[in-house]
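Participant: Fit chain G to the supplied structure of chain Z, relying on the hints for placement.
Chains as they are written, first to last, in this note's numbering: chain Z, 1 to 114; chain G, 1001 to 1109.
Incorrect hints may have been included.
Far from chain G, by Cβ distances over 10 Å, these chain Z residues were calculated [as the list claims (entries may be wrong)]:
(1) Lys-14
(2) Leu-43
(3) Tyr-64
(4) Ala-102
(5) His-104
Here are the simulated DSS-like cross-link-like pairs (lysine-lysine), alpha carbons at most 25 Å apart as the crow flies [what the hints assert, rightly or not]:
(6) G/Lys-1079 to G/Lys-1057
(7) Z/Lys-71 to G/Lys-1096
(8) G/Lys-1079 to G/Lys-1096
(9) G/Lys-1059 to G/Lys-1042
(10) G/Lys-1059 to G/Lys-1069
(11) G/Lys-1079 to Z/Lys-71
(12) G/Lys-1079 to G/Lys-1069
(13) Z/Lys-71 to Z/Lys-14
(14) Z/Lys-57 to G/Lys-1068
(15) Z/Lys-71 to Z/Lys-9
(16) G/Lys-1042 to Z/Lys-9
(17) G/Lys-1042 to G/Lys-1096
Treat the hints as calculated values from the structure; they're not laboratory data.
Where is the CB? At the ideal position from N, CA and C, for every residue including glycine.
Letter by letter, the chains look like this.
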Amino acid sequence: NAGVTQTPKFQVLKTGQSMTLQCAQDMNHNSMYWYRQDPGMGLRLIYYSASEGTTDKGEVPNGYNVSRLNKREFSLRLESAAPSQTSVYFCASSDMGQRKRAQHFGDGTRLSIL
Amino acid sequence: EDQVTQSPEALRLQEGESSSLNCSYTVSGLRGLFWYRQDPGKGPEFLFTLYSAGEEKEKERLKATLTKKESFLHITAPKPEDSATYLCAVTPSDYKLSFGAGTTVTVRA
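So that you can see chain Z by itself, here it is in the shape it has in the complex:
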């Protein structure tokens, strides 16, 4: 049972390059999320998708775009990467918002921008 799968696991970019981070879940969850994790700051929500066909901004959306491709897949795009976007990115999914279900996380994409 794979759960939440993120690709790639590691990536190094140059400033100004673009990139799409992929996420897929096989738990038939309605809601999906993208977070970034930086040392000493905890996880911060970038964007979320409450259900297929909808997306909303989180706490730190600037510099990112998302696409909910279908119920299983939710991608995060950096159009013009900046060094401040160096971070570990986590995708998560949940059912029924968070009222009854916890969020399940992938193992992250470690992104360095030079």
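Facilitator: Okay, now just chain G, sitting in the frame of chain Z:
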């Protein structure tokens, strides 16, 4: 603005030495408090959800409790495999989690 503060930042324990981690929060309308465990190089793994003051949940050597302003994660007689970063998060709405920075626990044999 929602705030979650975890203390201490790091905790070093001897195997068998019980201790507690603290998570204090301010949130407008708490809909749930979550505890996660995170191992190095991995994503957070769900442990507990608490919904109302006075609620307690247990899993193996871990016990989580909740008051109106804070939550505690008690680790009883820890083993080296309990070494991890423990994250606390609150949810003020259906789709947003606000995380604390975590407490890194190291248990020495």
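Participant: Does each hint fit the structure? Answer for all of them.
Facilitator: Consistency of the hints with the structure:
no. : hint                     : result
1   : Lys-14                   : holds, 25 Å
2   : Leu-43                   : violated, 4 Å
3   : Tyr-64                   : holds, 16 Å
4   : Ala-102                  : violated, 4 Å
5   : His-104                  : violated, 7 Å
6   : G/Lys-1079 to G/Lys-1057 : holds, 19 Å
7   : Z/Lys-71 to G/Lys-1096   : holds, 19 Å
8   : G/Lys-1079 to G/Lys-1096 : violated, 33 Å
9   : G/Lys-1059 to G/Lys-1042 : holds, 20 Å
10  : G/Lys-1059 to G/Lys-1069 : holds, 23 Å
11  : G/Lys-1079 to Z/Lys-71   : violated, 40 Å
12  : G/Lys-1079 to G/Lys-1069 : violated, 29 Å
13  : Z/Lys-71 to Z/Lys-14     : violated, 32 Å
14  : Z/Lys-57 to G/Lys-1068   : violated, 29 Å
15  : Z/Lys-71 to Z/Lys-9      : holds, 22 Å
16  : G/Lys-1042 to Z/Lys-9    : holds, 11 Å
17  : G/Lys-1042 to G/Lys-1096 : holds, 21 Å
Of the numbered hints stated above, those contradicted by the structure are hints 2, 4, 5, 8, 11, 12, 13, 14, listed in ascending order.
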